[in-house]
Amino acid sequence: MAFVQKPQVYKAAINTVELGVGEKKVAVGGATVSPLYSFDAPIANPPRVGIEITDTGLKGATKGMAEFYSGCNSLADIAKRAAQAPGADFVCLKLEGADPGEENKSVEDCVAAAKEVCGAIDKPLVIEGCKNTQKDAQLFEKIAEALQGKNVLFLSAKEENHKTVGASVGLAYSQKVGAESACDINLAKQLNVLMTQLGVPSGSMVMNLGSAAAGYGFEYVASTMDRVKQAALGQNDSMLQMPVVTPVASEAWSVKEAIISEEDMPEWGDQEQRGIKMEIVTAAACLASGSDAVILKHPASVATISAFIAALM
Amino acid sequence: MAKFITVGERIHCISPAIREAMANRNPEPILQRAKEQIDAGATYLDVNIGPAESTGVELMKWAVTLIQSHFDNVPLCLDTSNKAAIEAGISVYNRSKGKPIVNSADAGDRIENIDLAAANDAICFALCSKAGVPADNDERMVYCQEMLERGMMHGMDPADLWFDPLFLVIKGMQDKQMDVLECIKMLSDMGLNTTGGLSNVSNGMPKKIRPIMDSAMVAMAMQCGLTSAIVNPCDLRLMETIKSCDIIKNNDLYADSYLEL
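Chains as they are written, first to last, in this note's numbering: chain S, 1 to 313; chain B, 1 to 261.
Possibly wrong hints are sitting among the right ones.
[As the list claims (entries may be wrong)] Computed from the model, here is a short list of chain S residues facing chain B with C-beta under 7 Å:
hint	residue
1	Ala182
2	Asn186
3	Lys189
4	Gln190
5	Val193
These are computed hints drawn from the structure, not numbers from a lab. All C-beta atoms, glycine included, are put in the ideal place defined by N, C-alpha and C.
With the hints as constraints, model all of the structure from the sequences given.
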């Protein structure tokens, strides 16, 4: 008997959220099928790939990264080069230097860095904070104000600062805002409810459901994303239909496979290659679990993952 | 599993205000009741125009258009014994938020309403009765089979027949309540959708008791697999119970604000 395909197409859909302005703006989300199931129905927008740079420049860059960015003397140069990386749909500026526990850069410095990057690229911009919720709230408010009209995504509003971030980024300056929870499905939904109650339109929200490097508790990420997609598509839960944007770089590049040097572990081979592989497998796993966009650091990972997506669409 | 579906019962010609509004085509009282029920969380709204033998066709068209145009095509349940009126209502019905429901068929005189629903790609409430209240669940299941076969003969998806076991008034039929619940369980085990006029159970009880009794009944019925009910959505206790049961059944993902959704 011939195989009869029974497409599993849902009546519900993931929201479509636009990032950036002009010709190079990108739409994230919009799927009506399980992650990557393009054989069930066309996926409105393929998963997107962002390339991450930081306000601290090329400090700690691997050899390959340093080569890719060679000749870049300013943050603007770095941003421009990143935006040209094959496969990159958007640029993510991570404000690592703002961390009060590290360089503790001022809000003004960070606003200047964001403006510099935004002015240098023609692709959409994502701003990632420094993980200090108080500082992030201050940073996001000022940067959202300075970059009005650029349709920038801010990662992320958390339980502790969602009111400030939602009200400034999402409402006052009409930018896009991500709600972050760490593998907690109930909190993920609750944050979306609270931001919706604040008045942030659902088309302006994305979710960062948390991430982990492959092999480091990734099953929690996978089951979280599974349940969220099941609610969004199978149960038509409008409070979980926001697209999922997952920053992968910081997780993938901080596990032992990526940080132990070749001198210490010669049998593991080239350190940079290991980091790239961790980044690629983690990103691929996130996409298979339900991420509508991933953010990676190494240009080789960006190119690989974007080719992977293109091959599946 | 999908979330429990509530059908708001408050647009009913038995209410003097609604009867007057329907007779004089006065939109306000109808729109007000529609809004109250939607705000309270009703999924579908029942539109009961009574038998309306002479004016039903025009009245149903008017009511469907009126309510859907004001409330983003809220899905409706067309409730009358006048078949021509139901067809007329469906002819102007917008399906973007859900199929229309024909309320209702039974295994007796009203079995042709299943044919009507099938011909119009509508959902149909199917009362497990023929003439009067069924004596027991054997009888209920026979009627269920008859209606199921009828619908499938006409190409209906069994999921579009929502079987009503007939909720019975507790005051007077207290000994029959567990039968009704058992029937829901049997229908549910067959994979069928179910519904019913829930507030029947508390008929004749003091006003302050009714929400308590209705809530207890809906919780027990949902445990047995009930998938929808015709209810008064303005009964806060009942709606909170339904939302809580949906959480316990994992029909809806929990969030601290789930009662506000």
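Hints, one by one, checked against the model:
no.: 1; hint: Ala182; in the structure: violated (16 Å)
no.: 2; hint: Asn186; in the structure: holds (5 Å)
no.: 3; hint: Lys189; in the structure: holds (4 Å)
no.: 4; hint: Gln190; in the structure: holds (4 Å)
no.: 5; hint: Val193; in the structure: holds (5 Å)
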